[in-house]
Structures are given as structure tokens and as C-alpha cells.
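Residue numbers (our numbering), protein chains in the order written: chain F, 1 to 335; chain G, 1 to 344; chain V, 1 to 348.
Please keep in mind that the hints were generated in silico from the structure rather than gathered at the bench. Among the clues, some could well be false.
[Claimed, not checked] Not close to chain V: a few residues of chain F, all C-beta gaps over 10 Å, as computed:
hint, residue
1, Glu14
2, Gly80
3, Pro89
4, Ala109
5, Pro112
6, Glu122
7, Gly146
8, Lys155
9, Ser188
10, Asp290
[Said to hold, decoys possible] To give a feel for the contact side, a few chain F residues facing chain V, derived at Cβ under 8 Å:
hint, residue
11, Glu25
12, Val28
13, Ala29
14, Thr32
15, Leu69
16, Leu101
17, Ser108
18, Leu110
19, Asn111
20, Lys115
21, Trp127
No residue lacks a Cβ here, since even glycine has one placed at the ideal position from N, Cα and C.
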Amino acid sequence: MAGSGTAHLRPGVERSLVVDDLVVEFRVAAGTVHAVSGLNLDLVPGETLGILGESGCGKSSAGRAVMQLPPPTSGTVRLGDNDLTGLKPRAMRRARARMQLVLQDPVSALNPRRKVKDLVVEGLEIWGWGDRHRDTYVDELLVSVGLDPETVREKRPHELSGGQCQRVCIARSLALDPDVLICDEPVSSLDVSVQAQILNLLEQARARFGLSMVFIAHDVAVVKNISDRVLVMYLGKTCEVLPSADLENAALHPYTRLLLASVPSETDAEQALDPARGGAEMTELPSPLDPPSGCRFRTRCPLATERCAAEEPQLREFRPGQFVACHHPEPPVEE
Amino acid sequence: MSTHLLEVVDLRTVFHTARGDVRAVDGVSFSLAAGETLGLVGESGSGKSVLGRSVMGLISNSAMTTVSGQVLLEGTDVHALKPSARRRLWGPEIAMVFQDPMTSLNPVKRVGTHLTETLRRHLRCSRSEATERAVDLLRQVGIPEPARRLAQYPHELSGGMRQRVVIATALACDPRLLIADEPTTALDVTVQKQILDLLGSLVVERDMAMLLVSHDLGAVAGRTDRVQVMYAGRTVESGRTRPVFAAPEHPYTEALLASIPQLSHPPHTVLRAIEGNPPDMARPPLGCRFASRCSRVGEECTAVLPALSVVPSPVAADAAARAVACHHPVLPEPVAMEEVGHGR
Amino acid sequence: MLAPEPVLVRRCDTRSALLVTGLLLLGAGSALALWASGTTVLVTLVRMLVLVVGIIAAIAGLGRLARAARGKPVDVVFWLGMTWLVLILGAAALAPWLPLGNHDDSVAGLTAPIFAQPGGLGADYPLGTNNYGLDVLARAVFGARTSILVALLAVLIGTVVGGLIGMVSGFVRGTTDRVVGILSNALLAVPPLILLIALGTVLDPSIRSIAFALSLLTIPSMVRLARANTITVAQREYVLAARALGANRMRLLLREVLPNVVLPVLSLAVVMISVLVVAEASLSFLGIGIEQPAPTWGNMIAEGQGGVMEENPYIVVVPGICLFLTVFSFNLLGERAQKRWDPRSAKL
């Protein structure tokens, strides 16, 4: 199948989430936006999969399509034993609650007219309380995300800082005891010091609640730090799937290497003035309305050949656990 | 002092709001020479953007704002000038690159119009000369097919391309000082590097001074000669970029650097987060602004505001010497810091 | 390097200076306005100008006094407007129990003087009488009762019906939305006055039917506002988050969308009240609204037709000022509400 392949899936083991050939397309006036074209991924319990890519690569669309918000154009999503794509609305809403979403902008993800104590237990108001006692459960949730119940319980979102709002969002997601947490750029709108708080909190929550996580972000270092495996996306396709350990040296796909080279370093200024690196002439992201033939990265790839335009590369295993969709993978950097 | 292009002395910007006076910038001083790049780093609310705008003179005395202190641009106090005289500085003397290239370009004006308008207003050149210069500027900022781009509208360009146009507009009148306020925050990671490279090479080529305002410590680390770390409206640490980032002396700088995930760390490294939140600048605490979140807090920290004092160094005193505003700095040799208590 | 406390430059004058200038302005302004309204020395146009200048000076003086008292700037015009609203609404609500003269009994009016000049406070006819010998003050108060009741009723119908339709169509989208869009555009395309005249000839001139007719004017704009706000709110991430938690459409609409749409709709409703007060007055002026002798501000102004106004200007001036102040005050209130409740500024 186009571009990505399924070599990186692990059918033999117990998996909490399996996404098979996910396609997301939007109709716009100018044509069809190919946001995600055949994404495959799976998640074993307790694992964190990082999805790395720039804006417009379809990583957010993929995350939402997995949540069926809105449902994908085609492809299946299996959560535990449930195939979400075939369910009736009510059953779907029920099944989907096993999977939760944490969004980028925590302030706009909270209804401005409601109080924290109502926001965190919204899911339980919808699905029933079980044998939980409201006030104590609210406090438990707030404590578990590092908020002081006494000070925040009666507040509204605009009275809290961005980091506190993101904690409330995470508490709300955890309230329903989900199996899978999909985090869509959960720290990119936060300050550095707060970002660290939230990343640590997500790690704790994953361990404590036995979650599997999909962590979508554009920052290589952040993704590497929180993930077990990293999936690199470009224009709706998978470029590379690799273990996060030693990612900076092991990456083979030219796009992954470009992302790594874009991480700011202390020697940037000297490098920039080095004439050997060539001018700062820019390369443009092709339009997702009309993606390039063959390998979608070829228009920006320094190694592109005719074969890249004619034939779409498939994911192949290069090292144990590392899958690359490229005809000319770069040799790993020797230190 | 006259060797400096820009000299900022004890700048304070106070906003009079319904909640009371908010001291966004609270006594900041620095200087900047031609060809030099100074990084202003800090988190949101640290006052770094307000400082940038106050230096530019975009924020000045009004019914809602009080700016005190001096901003001397080649000896002229920007805030002592009449508004019309100050506007004449913008372009030939100081220019600014803003964060969001979409909102800093007028969507109904062509790319060329943005450039030629500025050129013709300040340089009083003819239309054809202006067009010629505009093409040249676009080429300098690395835009392919510059002549064709002049006729395009901002929405037809990508984010990185738009930011290049913004930079070209800022450079149109050969400013001596460029203030770049989070120039890459709205851009993609791969484009960020290109834009920072561009700004860096332009500073060298044109012998400009640049003030790079950013929350991205990584970007500032590799692109600036000196750095000034801001917290809650005040400078907590300043000095040459490399040593500051290699061995931070202020607990805030240290904690901030430790909270950033590094590529060289193995996965699942527990980050050192700074707990708590910055103070409310309408009611700043009595002592050190960072005291409530600091791991090295002592008794005097909550009572006495530490002044920014120069750390004695073997090199003769210069503007780039390390200065720290802390009662208990992180320091290998504690001898050097017996000079605290100035702030009383 | 010392860090002294910054000395803030306070541009606001000292309190006593504010008090003195405030008192002077208020006194001079009121005196000027009073003299201008009473004098016959000047041409009417100049008199009016002097009157306006006097009123503005008096308001500026009041502003300074308030600032001296509160220690910070006060929006005096707003508070004057609110005072007027409280007065007029209170008077309208309590009209039957107030010691007012004869307002609609034209038979009893036969024994009263016609066109009695305004006598001021304490006189038999504080604001004079009209051609039937009815008391103008009483008519102004009872007129307020009708005018405001009609406007409020119409706005209530318009807000509830229009708001609901707009919210549902903005949330459901699709065919429903298109049909609602066509209908509301069709309603907007009919000139309002012609619509009202047409309805006025069909319906009986009662408060209920006029309120119904006027509510038709408000529905399309309410639908539009509610729909636009719903579309914006429905795209906000908290709605997505609620869907991810499993909320169904009813819950999304009632718990997530409605609370965020209701305030902007209400602030438009307040502005609509003033529009409808004017619309009702226009209808009555044209004689297709509430009929004489029952008073409304519109038909009171209409009494000035046929040369009456030249002889007895108060016949028109009294309801005219009532109408002006009420509309102005409701607009101030609506503007304030929009500023306060605008979803864009909700974060601040």
C-alpha cells in the first residue's frame, strides 16, 4: 500500500490500539486536501509512541481521526477489542471514552463559563458516577495532577495559568480511566519551565494509570524524551519509525535528519557563516492539495533521484525496531 | 560609553491598569554595540517583549503607560523625542521584526507595496528606483524569483517566506538596530533555522546591532554574543552567551536550562521543572521576584531585592562581564560573591 | 547599582483642584442650560447650541466631582443614563399607583384647560395639557409603560425564538442551516416599515399584536448573531474535548454552546430594545400603532402635527426627550454589555 507499509506493526503481541491504513481527506474549494494518506500504527499497553512532524504534516488530523473526531475517510481503528469504525453513535461514544485527547491550547480546551470542579468530572457527568463520591473524587483528581484542590476548585479557566489549565485538562482526561491518551502538542503553547512540569506529569500519569500514549509534537527533543518509539510524518506519510533511544544518531531518513539538523545548537552562528553550507535559499513545503508523486519528501530531499519520483518507498526494517521508507537512506552519522 | 550604539539605562515600563500598576519592565539597563547581537530571554510575562517595544519607542508615555529611564540611541534619548521625531527613527535607525508574519503584513497590500512604500517614504526615491531596491532586498533575504513575488499578496506566501518579507521590509532603510521579537516562534522548525541563519548573516554583513527577544533558549544560545535573562520584569543574569549557558550563576537561569529536554538525554529523563508560577506583576513580592520558586532561597531573599552586581572577572571590566542579581548565586567559588546586599 | 522604588509620574490633578473645577463647571453649565431653555433673547438655533454646551459642561463638571470622590475616572454619562432608565422603568411599572393626572379619559378632560402651559413642579399640570385637556406628564409616564412594554415583549419573543433557531441551525448546519438562512434573509429583504404597515393593517392595534409584529423585525438579526456565535463556539476546542468525553449533541448544545452564546445574544437584545422603542414610536406616529387616547410616545409626538408644535412646543418636546434619553440609555447599556460579554474578551 502507498508509501508507508505495515512492516512496523506487531501483530503477535497484545495491543491497546491498532490503526490500519488511516486516510484523512478534506474537501475544500480548490480540491481535496490529502491530510493523512495511509497511516498504520500500533501501541502496546504502557507504551508511548511519539509522532513527530512539522505543521501541515497531518499529525493532528491523524490524532483526531483516531479519536473519530471526525471519523477518517477510510481505514480502521481498533481500540482493545472494539473496532471503532463500525459502531453505532452511542456505542461509539461509549467506546471512544476509553481513549482521551489532550489538546494544544489548554485555555481554549476548557469551557470558560464553568468551574474547575465541574470541568474535571465532565466525563463522569456524562457516563455516570459509579460508586464514586463527587467531592472526594474531584479532589483526588486535582491532587493527582499536582493542583491544590482548595485553591483551584472554585476557579474558572481564565483565573488559572496555562500550565494549571493543562493540568485540569489532563485531570479531566484521566477521570474516565482511559486506556489510551492522545496528546496533541500538549506543551507547545506553554513556557519552558511549565512544559517540564507537564511532561513529568504525563510520565507519572502514564505509570500510575497504566496508560498507553500517543504523543504528537514538532519538537524533536521533547518527543524523544517522552516516547519509547517515534514515528516521523511528512505530508501525511510515514517516513521513519524508530526507537527513541539514540534517535539523534540512529535516524536514517533524510527528513528525520533535516529535523535533527534544525534543532538549535550553540554552534549555529558559526555554521551559518560557513560558506560551504551554501546559501540560505529556502525550500517550500509542497501543497497537500497536490502532493508530489513517489516519495513525498523528494522535492526537499538532497538525495532525491528519478526513482524517488517514480516509485513510492515502502517501510523496510534496517535495524531491529527501525523502519525507514526511503530509497536512499543516509548512512548514520559517525561520531 | 560613546562606542555603544544603544544604551539603555534603568528602563521602567509601568502599565496603569484597573488592577493597579503593573511593572512590566522594572529597572533594566544594557548596552549594545554595532555588529553585536544581544539575546533577551525569559518566559512569558518576564517583560522581554515590553522591553523590546519600549526600546523601540512603540510603548511610550501615555495615559495608560509610564516609561521612565533612558533609551539612548547614538546619544539621543528615544523617549525624550516628540512622537513625530521618534517615527522618523523607525526605519533608518531602528526596525522591528515581529512574531507573527501574517499579522505584521497588511493582507490587502502586495508584497512590493510594503517594501516600496517604506523606501519611498524614507529615502524619497522614485518609483522605479524603489522597485529596483525592493527586488534587491528580497534577493538578499533569500527569496527565489524576487521580481515575481513583488506582485503577490501575503497570503500567497508560506510562513517562512512571509517572515523573510517582514525582514526585508525592516531592512529597507538600513537600520542601525534591529529588534527581532520572537521572529521564529510562529514558524516551523526547519524554517526557524533558515530565518535565524538569515538574521545572523545580515547582522554581520550590515554591521547592525540586533536585539533578539525570544523564549527559545536554544535559538538564543547559538545566535547571540551576549545574553540577558529576564524574570518578572528584571534582569536576573547577563553576560557572554556561552559562559552564561555553560555555567549559569542565577538559580533561575540554571533551573530554566535544566527544564529543557535535551536530545543528548536518554528517553524518559525526569526533567527538573520549576514549580509554581511567576509573581503577579501588579503586586510584586518585596524581595527577590524568584524567591517563592527558588531552591536556594534564604531569609534575605524574601526581604531584600537583590541588585544586579557584576561578578569580578580576571578580564578588565567591560560591558560583557557577567552580572547576577542573586543573594545566593550558583557558583563554584563562593568567594566572588561576597558583594551581595547592594540592593538595600 | 541601587534599585530605588520608581517614582511614578501621576498626571491626575490633586483632589481639591478636581472638586473646585468640577463644582464650577457643574454650576456654570447648569446655569447656562437653564438660561438658554428659558430665554427669548436668542434665535432658536443659537439657544439650542448654548443649551447643549451648558449640558456638556455640567456633565463634565459632574465627571470631575465623581472622580474626586471615587479617586479614579468615572463614566458619568453611563451612570446618568442608568439613572434615567431606573427612573423611567420604575415610573412606568408603578404608573397606576403614582399621583398622576388624567392620562386617557378624554371625557373628564373636557373640564380641564386645553394646552395649559407647563407649570413646573407643584403646579396642577407640571408639564401642561394637550388639546383634550389631558395631563402631559401622566401621558408621558403611561406612554413609557406602553412603549417599553411593547419593546420588551417583542425583544423577548425575538430573542427566544431567534436565538433558539440560530443556535440550532448553527450547530446542526447542513440543510436546516440553509433553509433558516434563506428564510431569515428573505425576512431581512422586506423593508421593515412596509412590513410593519402591512401587519398593522391586518392586526388589531393591541399591545400583543404590535409586540408580535415588532418581534418579526428582531428575529432575523437574532438568528444571524446566535448562528454566527454558535459556529464559532462549536469550533472551539472545549467542544471537541467534550465530544471526546462522549457528550451527545443535546449536551454539547445545552452545556457547552448555550452558555457561551447567550451573553452576546443578550447584549444585542438590550440594543434591540432601543431600536424597537423607536420602531414602536414610528408606528404610533403613523397612526397604525396603539390608538388615541391611550398614550404612547409616538402618538404623543404625532399630536404636535398641524401647527400645534409651533404654539406649544412642549407637546412634542416632552415625549421626544423621553424617547431620546431612553434610547440613548439602552444603547449605552447594550454597548457596555457587549464589551463585557464579548466572547473575545472573555479571557481578560
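| query | Would the hint on F/Lys115 stand, with a C-beta cut-off of 8 Å toward chain V? | reply | violated (12 Å)
| task | Using 8 Å as the Cβ threshold, decide whether F/Leu101 counts as touching chain V. | result | At 4 Å from the nearest chain V Cβ, F/Leu101 passes the 8 Å test, so the hint holds.
| field | Separation of F/Glu122 from chain V, once the least beta-carbon distance is taken, above 10 Å | value | violated (6 Å)
| field | When the least beta-carbon distance from F/Ala29 to chain V is tested against 8 Å, hint result | value | violated (17 Å)
| said: Does F/Glu14 clear chain V by more than 10 Å, comparing its Cβ with all Cβ atoms of that chain? | reply: holds (24 Å)
| Looking at F/Asp290 again, its CB stays over 10 Å from all of chain V? | holds (26 Å)
| F/Pro112 remote from chain V - nearest C-beta pair above 10 Å | Given that some Cβ of chain V is not farther than 10 Å from that of F/Pro112, nearest at about 5 Å, it is violated.
| message | Interface hint check: F/Trp127, Cβ to nearest Cβ on chain V, cutoff 8 Å. Holds or violated? | response | It holds, given that the least Cβ distance between F/Trp127 and chain V is near 6 Å, below 8 Å.
| F/Gly80 remote from chain V - nearest C-beta pair above 10 Å | Given that every Cβ of chain V is farther than 10 Å from that of F/Gly80, nearest at about 16 Å, it holds.
| message | Checking hints one by one. Is F/Thr32 an interface residue toward chain V, by the C-beta closer than 8 Å rule? | response | Violated. Min distance 20 Å.
| request: Would you check whether F/Asn111 satisfies its interface hint, that is, whether its CB is within less than 8 Å of any CB in chain V? | output: Constraint on F/Asn111 satisfied, holds at 4 Å.
| Interface hint outcome for F/Leu110 [beta carbon to chain V under 8 Å] | holds (6 Å)
Checked against the numbered hints above, the structure breaks hints 3, 4, 5, 6, 11, 12, 13, 14 and 20 and satisfies the rest.
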